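These protein sequence lines map, in sequence, to chains A, B and C.
Our numbering numbers the first residue of the first sequence as 1 and each following residue consecutively.
Our numbering numbers the first residue of the second sequence as 1 and each following residue consecutively.
Our numbering numbers the first residue of the third sequence as 1 and each following residue consecutively.
Hints are computed from structural coordinates only; laboratory data are not their basis.
Remember, predicted model here, so these are calculated numbers, not experimental data.
No false leads were slipped in.
It does not matter which identical chain is used: a pair holds within one copy or between any two.
Below, simulated DSSO-like cross-link-like pairs (lysine-lysine); rule was C-alpha separation at most 27 angstroms, straight line: (1) Lys-426 <-> Lys-292; (2) Lys-273 <-> Lys-292; (3) Lys-280 <-> Lys-292; (4) Lys-370 <-> Lys-131; (5) Lys-357 <-> Lys-241.
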Amino acid sequence: MYDIENKGEEIYRLTERIFPICRSITGKGVRETLSIINEYLSSDSIQFDIKEVPSGTEVFDWTVPKEWDIRSAYIEDESGKKIIDMKDNNLHVLGYSVPIDKWVTLEELRSMVYTQPDQPDLIPYVTSYYKERSGFCMSQKMLDSLPEGKYHVFVDSELFNGSLTYAELILKGKTSEEIMLSSYTCHPSMANNECSGPALLSAIIKYVNTIKDRKYTYRFVLNPETIGALTYLSINSDHLKEHLKAGIVLSCVGDDRDYSVIHSKYADTITDKSLTAILKHKPKCSEYSFLKRGSDERQYNAPGIDLPVIGFCRSKYGEFPEYHTSADNMDIVSPEGFRGSYETLVQWIDCMELNEKYRINVLGEPQLGKRNLYPTISQKGAHNSVMTMRDFIAYADGRNDLFDIAEIIGVDPCELLPIVDQLLDKKLIEV
Amino acid sequence: MYDIENKGEEIYRLTERIFPICRSITGKGVRETLSIINEYLSSDSIQFDIKEVPSGTEVFDWTVPKEWDIRSAYIEDESGKKIIDMKDNNLHVLGYSVPIDKWVTLEELRSMVYTQPDQPDLIPYVTSYYKERSGFCMSQKMLDSLPEGKYHVFVDSELFNGSLTYAELILKGKTSEEIMLSSYTCHPSMANNECSGPALLSAIIKYVNTIKDRKYTYRFVLNPETIGALTYLSINSDHLKEHLKAGIVLSCVGDDRDYSVIHSKYADTITDKSLTAILKHKPKCSEYSFLKRGSDERQYNAPGIDLPVIGFCRSKYGEFPEYHTSADNMDIVSPEGFRGSYETLVQWIDCMELNEKYRINVLGEPQLGKRNLYPTISQKGAHNSVMTMRDFIAYADGRNDLFDIAEIIGVDPCELLPIVDQLLDKKLIEV
Amino acid sequence: MYDIENKGEEIYRLTERIFPICRSITGKGVRETLSIINEYLSSDSIQFDIKEVPSGTEVFDWTVPKEWDIRSAYIEDESGKKIIDMKDNNLHVLGYSVPIDKWVTLEELRSMVYTQPDQPDLIPYVTSYYKERSGFCMSQKMLDSLPEGKYHVFVDSELFNGSLTYAELILKGKTSEEIMLSSYTCHPSMANNECSGPALLSAIIKYVNTIKDRKYTYRFVLNPETIGALTYLSINSDHLKEHLKAGIVLSCVGDDRDYSVIHSKYADTITDKSLTAILKHKPKCSEYSFLKRGSDERQYNAPGIDLPVIGFCRSKYGEFPEYHTSADNMDIVSPEGFRGSYETLVQWIDCMELNEKYRINVLGEPQLGKRNLYPTISQKGAHNSVMTMRDFIAYADGRNDLFDIAEIIGVDPCELLPIVDQLLDKKLIEV
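In isolation and in its complexed conformation, chain A is listed as follows:
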């Protein structure tokens, strides 16, 4: 049906390209990242629309912040030796740090340095978007090793009235019902969280583009987390409330340790049901309730928004040790991890596309034997091979969709796809 063998490698390479860029919720890094993604998509003649929303725009209860431009950030000691420099790792600068250029004591330095004491070797990822601060991040061990003395703290940055950047790409289908995939582009150099999401999403766009006569219209969104989702919803929530069938936020999709779903607010949407039906047949799978939410599913499920959006991860954000530290680098993602994520989403899309409440159109059991779908010898044990088809038929009574039937009869919904094809071909089922 589709070639996935090289896809893991392809997505890994794209992740590698966007990894080094210093991104934040606004600014040049976001635009550079989107430019690389559009270059990747150009081979298939598809492109994200890049949108700019001015600083100061009201989005629900929030306001689009000033744009942040970061040029340089370091700390040097009295000997002129650079203790840390964001050239080495862009996590070293506090996100949205305002300019500073001054000599401070070790005690003063400590008040502007953030560490992760429980992971003393790692640089944490810390931001201060909505309160102006100058700050740096370093490992606890490095901070502990600094001798008394004077330190030169230097940040060359700017906060100015610019804009917030997001990207949208729509692939029309036969109906106006929509499937949405989103991820975010606001994290600096961390591989799984979150270079993996935009990279995987881009590969999925190419897959959807190849589906002939697709039923659903597909909406792909890349934006900064929280403020970007709020901005996007302030523009699109009425449309989405009318048209959105199912949406998934992709985050931390490049490692190979788990398959995770973060459920919607009441875990009761078609998106919860469908993705879970597939994931539970993976070798590993973790289900998290909405109480463990943390990415943009928060906004999509907020009261008054209430969209059928869930989260999909391999190792869930917040649950793997490298999360939000310098250890989230290209070593923890892999072509094999991306291959699994890609295959999962392709399976989900294929199931959604074929999903209907089918109804068998004969009364009583159909005679499968005369259609070469059943053994002509009747002996105990002989029927097992067609039991999935017979079970599908038994519950294809117009009451259950594909995922309901998979749940009832205890199989992966992907196993039902060839059966549906055969029965449609024999004209035994209809919608």
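Take the given structure of chain A and dock chains B and C to it, following the hints.
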């Protein structure tokens, strides 16, 4: 209320009479079986109506097949010694085998012999109703012991435009709501599956015939499995959809190893609820979902038919080792087994007959003491003996039927029958 | 919010005052008890209305019995030595015993003496309200020790056309929706069952009287068990069906061994949900189904009455060894036990008063940071402190009340009260 002590023996004797007959989905064996059953019923002046449906009749997606007449079948070796002969065991001939009379090599013989390799001492039960074949069944050990040489394979049978035979008996009640019991008459000499079902059903007919002022109309059906049920439904499904309250397919009801229920498609009908409520208080009980279906509950629950029909077995078909082999003989059924099955169905019928959503007709708890239904001394521990009655009253609020209350208060619904009688007598409850 | 430190002691002292009185379902003891309670309430200028219902009044299926006046009861031996005397313990006389004054043999004596053989040291509590008997209660050991001889059995009592006494106190709120607390006043000298219930209820009246602008109207009822509840319902059930939001029967609320709820008939009312939500966060908690009912929740839940009333106990009646014996004395209740019961009911009332289906009034997540409700530094682990508020907001979508949200997010509903206050103050939620 009823005498069951000798019923087990009586049903066992009837089973013994029909066991030797060679039955299939059509033919003389079916008619001979029904004739014996009508003779058994004649002492109570009740009779099955015997119906014939011509070969070639369309029944939903199926066609009534030709009638099969089997006269003789054997294999002999070059010395004229009969290797197998259906006179010894009618499982030796493949069901619906077409005529053959020829000498074959051992290799050719193997291609027309069916065995059960995992039970090498037993003759399996095998059929080929819808594809014409000549064939034989024998034990794997016998097949393995045959020397090279020539073998004379002989089947004297006929496939001709005749008819499919089924039987129907209706006992009218005060209402047109119906309870249906069915079993099937298409299996050759196997005792539990399926001489036991028709024999038990016949005894139940006699019981129902004794119920004065019965509420329900009772419908009893004996037909060949699958094609017979489809034929019966093609004639009666509209009537049944309007009138059927509950139906049970009886199969494998003569052994004493278990009590089994095979649930309806969604396990949500009054039949599921009522029979399960009784079975769960038996010493052993197994509940099987519809995914483990195998008898005519398949057709009664098929999409578009959707009748409240479940299966009842002692050891469930497919789950006991003798199933569909020559080991399913009179040794594995017993008077004790039949007695348990008979008692269960009588309890079920009694509960169904008295089943209503009763409503207590006083406000507050009734004063049981003044009606001699309650101790007049109040001391801790003194009330336990009437707790079931008090619990029944508490939930007799017009919302729950007998089986609901039994489930809520955790008792066998049969325990509620004398309580209902007492409260009706004291005019404390009404429907 | 309220001072509970001295409340346990205060309730214990009130219990101590009413403990010695010999009560029954009618009579002077009831009136004396209510008089003490009104004296306790008088400091807050509130009073129970005392009502009298004549003997012979029909109440549903029952009749108000004659009033019982008990003056003296004892057994003496031939030497004139009092074997037992109700002056020592009023459990010694069978409740509603009719007069007797005669010399009997030991064998005759045995037929009018009640003991608790499984607790041979204790005097049981036994009554015979609806059949006239003369009787006594003593320990099994005492009975066993009595030598052959003559015994003078003496009961100076009277059954006469008097009245049944109950008490009602209503504290009006802003709405006509009502919360009812009831307990009973018919038990003689047993501390937990049932001097504790009326004493606790009286203290709760004082608390409710201090709630400014209370939403609910509060109804407090003290009556004899069963016949009193039936009498009360025969007068008030129509009003209660229209207005009662939630009701709790208090019984055995003075010990400190457990917190127990006895659920309503279907365990599906707001009362079940709300009290259970609080109790499950107590150090110990037992939930009992309605099948374990035993106090006036029986009448409030009876078919045709169907009020949302549950039972609340510390150790549940019938489940603690001292129940209905002379061992249920002031030693098994304690200020600490009463304090816990009082606190629980105050928490429940506070939660009920603030309970609404709140709705967040911004779209998307509100920006808590700008309201100083959220840390301005974003680093992993930093948000946990406000997670309960964020979870509350996520589910404050107009669909869930306070108890639903507490259940969904897994917290004590009491934890939500300050959050609701803050969010109301910030005008972020509305009803």
